[in-house]
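Participant: With the sequences and hints as input, model every part of the structure.
Residues per chain, in single letters:
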Amino acid sequence: SAVISQKPSRDICQRGTSLTIQCQVDSQVTMMFWYRQQPGQSLTLIATANQGSEATYESGFVIDKFPISRPNLTFSTLTVSNMSPEDSSIYLCSVERTGSSETQYFGPGTRLLVL
Amino acid sequence: QKEVEQDPGPLSVPEGAIVSLNCTYSNSAFQYFMWYRQYSRKGPELLMYTYSSGNKEDGRFTAQVDKSSKYISLFIRDSQPSDSATYLCAMNSGGSQGNLIFGKGTKLSVKP
Chain A
1 SAVISQKPSR DICQRGTSLT IQCQVDSQVT MMFWYRQQPG QSLTLIATAN
51 QGSEATYESG FVIDKFPISR PNLTFSTLTV SNMSPEDSSI YLCSVERTGS
101 SETQYFGPGT RLLVL
Chain B
1001 QKEVEQDPGP LSVPEGAIVS LNCTYSNSAF QYFMWYRQYS RKGPELLMYT
1051 YSSGNKEDGR FTAQVDKSSK YISLFIRDSQ PSDSATYLCA MNSGGSQGNL
1101 IFGKGTKLSV KP
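Chains as they are written, first to last, in the working numbering: chain A, 1 to 115; chain B, 1001 to 1112.
There's no promise every hint is true.
Straight line, CA to CA, 27 angstroms or less: simulated BS3-like cross-link-like pairs of lysine-lysine [as the list claims (entries may be wrong)]: (1) Lys1107(B) <-> Lys1042(B); (2) Lys65(A) <-> Lys1002(B); (3) Lys1042(B) <-> Lys7(A); (4) Lys1042(B) <-> Lys1002(B); (5) Lys1070(B) <-> Lys1107(B); (6) Lys1042(B) <-> Lys1056(B); (7) Lys1042(B) <-> Lys65(A); (8) Lys1111(B) <-> Lys1067(B).
Bear in mind the hints are in silico, worked out from the structure with no lab data behind them. These figures come from a predicted structure and were not determined experimentally.
Facilitator: Structural data, given as structure tokens:
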């Protein structure tokens, strides 16, 4: 399985600021994904990040709020912009399982609290 | 109706018990079914992966899929305190990477 790390592991931020979350994988992967896990809710896909192309956003998520970079095959960032308390959540990156694009491995998550 | 329904629990059992965790779904196009285990303050860990209907066993864990009933289950035999975690079901129809649809998760506590 892929080894995925995320930075920061947690943060407390002020309303109106932005936070960039980094995701690093120990092997080259084509697809990287960003999810949000809110308390008591299902994991929800924010966007899919392919290297060399624009990220694809799911309904309800926009690039201005969640800009994503994917500069190479092992790294991606998600920025949560102009934060409000409603953005308090766990943000997770994932990669597709080698040889099985139908499932994914997840990173440890970034726990964000917005005051 | 949500695409995937999962009882959030919490579910508390004594050590050694057989645990049954379940999800129902509404989209008949789902073909790939997964169970993830998530310990507190950790990311989800892939536990079981099943394609279409049938059973799959891995040690103390058995995953069952009944597509006719749109119902999936995860059984844990001889449950251990280390099994205490939140269990998430997930599924997709294949061919569209990233479209994993998750249940809300069931929080399991195994008491020594």
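Participant: Compare the structure with each hint and give your call.
Facilitator: Each hint tested on the structure:
Pair hint lysine 1107(B) plus lysine 1042(B) holds up; C-alpha atoms about 14 angstroms apart against a cutoff of 27 angstroms. Using a Cα cut-off of 27 angstroms, the hinted pair lysine 65(A) and lysine 1002(B) holds, with the two alpha carbons roughly 26 angstroms apart. With a CA separation close to 13 angstroms, the supplied pair lysine 1042(B) and lysine 7(A) stays within the 27 angstroms bound. Proposed proximity of lysine 1042(B) and lysine 1002(B) is supported: the alpha carbons are some 26 angstroms apart, at most 27 angstroms.
Between lysine 1070(B) and lysine 1107(B) the CA atoms are separated by roughly 22 angstroms; this keeps the pair inside 27 angstroms, and the hint holds. Straight-line distance between C-alpha atoms of lysine 1042(B) and lysine 1056(B) comes to about 25 angstroms, which keeps the hinted pair within the 27 angstroms bound. Restraint check for lysine 1042(B) and lysine 65(A): satisfied, since their Cα atoms lie roughly 25 angstroms apart, inside the 27 angstroms limit. Distance hint between lysine 1111(B) and lysine 1067(B) is unfulfilled; the C-alpha atoms sit about 33 angstroms from each other, more than 27 angstroms.
In terms of the numbered hints stated before, the structure departs from hint 8 and from no other.
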